[in-house]
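Visitor: With the hints as extra help, turn the sequences into a complete structure.
Protein sequence lines, in the order shown, are assigned to chains A, B and C. Remember, the numbering used here sits 4 above the position in the first sequence when you count from 1. Remember, the numbering used here sits 4 above the position in the second sequence when you count from 1. Remember, the numbering used here sits 4 above the position in the third sequence when you count from 1.
Keep in mind that the hints were calculated from the coordinates and are not lab data. Careful: at least some of the hints might be erroneous.
Note that the list lumps identical chains together, so a pair holds whenever it fits in one copy or between two copies.
To be verified - Calculated pairs, BS3-like style, for lysine-lysine (alpha carbon to alpha carbon, straight line, at most 27 Å):
(1) Lys57 x Lys192
(2) Lys172 x Lys192
(3) Lys147 x Lys108
(4) Lys108 x Lys50
(5) Lys172 x Lys158
(6) Lys64 x Lys147
(7) Lys147 x Lys123
(8) Lys108 x Lys123
(9) Lys141 x Lys64
(10) Lys192 x Lys108
(11) Lys218 x Lys108
(12) Lys64 x Lys218
(13) Lys158 x Lys218
(14) Lys192 x Lys138
(15) Lys192 x Lys158
(16) Lys172 x Lys56
(17) Lys192 x Lys56
(18) Lys158 x Lys56
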Amino acid sequence: MAFSSFIKIFLPKDRVFYGLFEEVAGVLTEMTQVFTQAVNETNPQKRETFIKKLEDLEHKNDDITHRIFIELGRNFITPFDREDIHMLATSLDDIADFLWGAAKRIHNYQIQDNDELAKDFADVITRSVIALSKAVKELRDMKDLRAITESCVKINSLENEADELLDKAMLSLFSAPNISAVELIKKKDLYEMLETVTDKCEDAANVIESIIIKYA
Amino acid sequence: MAFSSFIKIFLPKDRVFYGLFEEVAGVLTEMTQVFTQAVNETNPQKRETFIKKLEDLEHKNDDITHRIFIELGRNFITPFDREDIHMLATSLDDIADFLWGAAKRIHNYQIQDNDELAKDFADVITRSVIALSKAVKELRDMKDLRAITESCVKINSLENEADELLDKAMLSLFSAPNISAVELIKKKDLYEMLETVTDKCEDAANVIESIIIKYA
Amino acid sequence: MAFSSFIKIFLPKDRVFYGLFEEVAGVLTEMTQVFTQAVNETNPQKRETFIKKLEDLEHKNDDITHRIFIELGRNFITPFDREDIHMLATSLDDIADFLWGAAKRIHNYQIQDNDELAKDFADVITRSVIALSKAVKELRDMKDLRAITESCVKINSLENEADELLDKAMLSLFSAPNISAVELIKKKDLYEMLETVTDKCEDAANVIESIIIKYA
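Guide: Next up, the structure:
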């Protein structure tokens, strides 16, 4: 809050939002890196350290998102529709929530094995968040609309990739001859949560696409 | 996109939306027919053909929904509130998503038996989508408000019917003495998804109801 | 509807909403009391009576929420943004839906034991709804903004408490050595639904917070 008041003195009111969205994009990018480290870590204690770090990042993201909503209440002039700012902030926050939700499941369900499918999901999610960060940064000057559109198309195709990963995962879980039901519940829940992260990236990309249609 | 540009020459801008919503309603109706065929089919190969067809229809619906959002960005004049158009498009798209999601579960979980409850759900969903299509078509000229309201009331009562089906299903699954946990997970997930389809029909009906209150 | 038409003669149009939101808050408070009685009841028949009572209250809440949407369609003058009224009504309705959903699970899954964690959740939910009711009542005259903010902060911290309860619950379910998978499914589903109730309280608090930022 203090920092936000400070920058409002130096920046035109409506430019505050670009900085806040870029901060969110930065935290999300860091979260995908830490999540990737967590699913690649074989040492349980070290994995827990990464999961704890994800929790801190998720809290940090909550704070920035909260500042976006506070600014939205204060500012009469916004760089794009208030509703679009609200929807973009919400969908970006959902990405953090579901990624942290997936990490928490690894902890709560005590998933011990080095899960290949979780690594595949981490990779798709990382690429999707990188594309999303690019699109968010381009919103500031709206100069390279083609780059924004390309990022959005990429996010859509990564969501399809995650869909196919989930289908493959489910088919394999439900046809595994000796899987215990408890094991199946754990993995099903984890994979579904990871696939939802890419859905939320797509939601954010859709908002960005609708913004550039209106304002460019 | 090409077709959409074409009709914009001949139609007042704001009338584009009626045609697009009617296209969505048409695809949804076809999806309920194909889904009904899938759950009534006993031959696994033939059932797979119906599920594949549903996937194609879901993609077709995605394309039309995408065109609605593009038009929404372009058009300054809309026949009803932009927010209502957005919410109606979203809830109709959700219907397609969840119905396709249910079909995908039948495939991924390799649900082989001819499930009586799935047929009952297919029937309720079909009737709900028929009522919804009627309401969507009536939006164009707003002449028969009573017919729109009647359709919305019907959709609400079909959602209650689906609720009761789900309760019955859950009570029966959880009191089945010899059901395997894996079997229970499959069916629980399928029925919950099918019930959600009727929730999404109700969401769409609520948007339509709020439109006619404002504009009639 | 008849009652709503009646009060519109005596009250300025825009004040109708305060009364309706207070009615919702009242029903939600009663629902948390009945839910608490249900989870503390050891006699199965008596517990069923409480669950039936919850269903009636949920229907009552649906009716009031429907009236809010009807008024929103009719009224051109609203005491705060139409979108905020819509979001507040929706999130309050979600609280009722998920609480009733939890109660229905106790019934459908035939959860017989006196569940300590369900009682803990009932307690957190009750305190959250009490804080929310206070905030809703204060909206009418906007005199005590500090009290509204304090209620919202409390609701946020209760949501965190529910998160921790859920983590504890999941860790304990998934490390229980002799739990049956079916038992695990029942409890997991019930606790997740109860935690979602506090999420919806937080959503409502966020809307209220954004209203007071704009209008105070």
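Visitor: Hint by hint, say whether it matches the structure.
Guide: Hint check:
In this homomeric assembly, Lys57 and Lys192 come within 27 Å of each other (Cα to Cα) both inside a single copy, at 24 Å, and across copies, at 26 Å. For the identical chains of this complex, Lys172 and Lys192 are neighbours both inside a copy (11 Å) and across copies (20 Å), given an alpha-carbon limit of 27 Å. Proximity of Lys147 to Lys108 under the C-alpha cut-off of 27 Å is found in neither arrangement, the shortest distances being 39 Å within a copy and 41 Å between copies. For a Cα distance limit of 27 Å, the shortest separation of Lys108 from Lys50 inside one copy, 15 Å, qualifies, whereas the shortest one across copies, 37 Å, does not.
Taking CA atoms no more than 27 Å apart as the test, Lys172 paired with Lys158 passes inside one copy only; the shortest distance there is 21 Å, against 38 Å between copies. Taking the shortest alpha-carbon separations for Lys64 and Lys147, neither the intra-copy value of 30 Å nor the inter-copy value of 32 Å comes in at or below 27 Å. Taking the shortest Cα distances, Lys147 and Lys123 never come within 27 Å of each other, neither inside one copy (35 Å) nor across copies (53 Å). When the C-alpha separation of Lys108 and Lys123 is checked against a cutoff of 27 Å, the pair qualifies both within a copy, at 16 Å, and between copies, at 23 Å.
For the identical chains of this complex, Lys141 and Lys64 are intra-copy neighbours only, at 19 Å inside a copy versus 32 Å across copies, given an alpha-carbon limit of 27 Å. In the homo-oligomer, the alpha carbons of Lys192 and Lys108 lie at most 27 Å apart both inside one protomer (14 Å) and across protomers (15 Å), since each shortest distance falls under that limit. When the C-alpha separation of Lys218 and Lys108 is checked against a cutoff of 27 Å, the pair qualifies neither within a copy, at 38 Å, nor between copies, at 35 Å. In this homomeric assembly, Lys64 and Lys218 come within 27 Å of each other (Cα to Cα) only across copies, at 24 Å, whereas the closest approach inside a single copy is 31 Å.
Taking CA atoms no more than 27 Å apart as the test, Lys158 paired with Lys218 passes inside one copy only; the shortest distance there is 21 Å, against 37 Å between copies. In the homo-oligomer, the alpha carbons of Lys192 and Lys138 never lie at most 27 Å apart, since the shortest distance is 31 Å inside one protomer and 38 Å across protomers. Taking the shortest Cα distances, Lys192 and Lys158 sit within 27 Å of each other inside one copy (26 Å), while across copies they are farther apart (34 Å). Taking the shortest alpha-carbon separations for Lys172 and Lys56, only the inter-copy value of 16 Å comes in at or below 27 Å, while the best intra-copy value is 30 Å.
Taking the shortest Cα distances, Lys192 and Lys56 sit within 27 Å of each other both inside one copy (23 Å) and across copies (23 Å). In this assembly of identical chains, Lys158 and Lys56 lie within 27 Å of each other by CA distance solely across copies; the values are 24 Å between and 30 Å within a copy.
Going down the numbered hints, you'll see the structure goes against 3, 6, 7, 11 and 14, while the others check out.
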